[in-house]
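Enquirer: This is what each chain is made of:
Number of protein chains: 2
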Amino acid sequence: MHGLFYFIKMNQNKPVSIQQKFSLFNDQWSPKIIAESNDQLIKLAKIEGEFVWHNHPHEDEVFFIIKGKLLLKFRDKEIELKEGELYVVPKGVDHFPVAEEECWVMLIEPKGTRHTGETDFERSVDEKDQKWI
Amino acid sequence: MHGLFYFIKMNQNKPVSIQQKFSLFNDQWSPKIIAESNDQLIKLAKIEGEFVWHNHPHEDEVFFIIKGKLLLKFRDKEIELKEGELYVVPKGVDHFPVAEEECWVMLIEPKGTRHTGETDFERSVDEKDQKWI
Chain A
978 MHGLFYFIKM NQNKPVSIQQ KFSLFNDQWS PKIIAESNDQ LIKLAKIEGE FVWHNHPHED
1038 EVFFIIKGKL LLKFRDKEIE LKEGELYVVP KGVDHFPVAE EECWVMLIEP KGTRHTGETD
1098 FERSVDEKDQ KWI
Chain B
978 MHGLFYFIKM NQNKPVSIQQ KFSLFNDQWS PKIIAESNDQ LIKLAKIEGE FVWHNHPHED
1038 EVFFIIKGKL LLKFRDKEIE LKEGELYVVP KGVDHFPVAE EECWVMLIEP KGTRHTGETD
1098 FERSVDEKDQ KWI
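Chains A and B, in that order, are what the protein sequence lines are. To convert, count from 1 in the first sequence and add 977; that's my numbering. To convert, count from 1 in the second sequence and add 977; that's my numbering.
Heads up, simulated EDC-like pairs for lysine to aspartate or glutamate below, C-alpha to C-alpha not over 16 Å straight-line:
1) B/Lys1088 - B/Glu1036
2) B/Lys998 - A/Glu1062
3) B/Lys991 - A/Glu1062
What the hints contain is simulated information worked out from the structure, not anything from laboratory work.
Work the whole structure out from these sequences, hints included.
Expert: Structure follows, in structure tokens:
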């Protein structure tokens, strides 16, 4: 195993502070991995503006809002999420996240989930390029 | 499917407010289910005092502290978790949760995880008796 990666994984042996982890990065639309459990990854992301219509054919995706607001557009409705609220986007359901101002979100999804599903997009970040922090 | 259960599951179609869900119950050591994603359940619990030594042979368990403090004792160490911190207890690892004052915690674990692993205990709540709220 790569030495740095191994070191970071070993750091799972300590409490993970959400606020401290959010202080470590400023790039938007680039989920960072903070924990792994039962082949699910817990990630943090800062997002602002519009993403892209996409779905994950085989994976449900949890959005939990840590700071700010997030609008999740669906083909047939819109769901507005505020701080302290979560929502599960079921597998296969098209969604389009929009944040008018920067929103801090916790994502929970299985290992191997592509950021934008099958959709290629300038903001896609392949999981292999998503880093542990 | 049982009518009430079906109704509650349908309510997953709305944002889930963590604070509002915590306002719905006061019983301690009795996890309530608030969401399901990829066969994992997200649960809320209010805990105070000592639990029991136990482990989950096949499931990792995420503890995310929403309010208060939680001490996780292990055979070889102790981990203190504060509000906004999370920790993943790996499968098969004995742990003993203690909260000096009432602590509100979010748990994430697979469906079918027994509350106290293989250990029978007066505070065990079988998953079939864990309710959606």
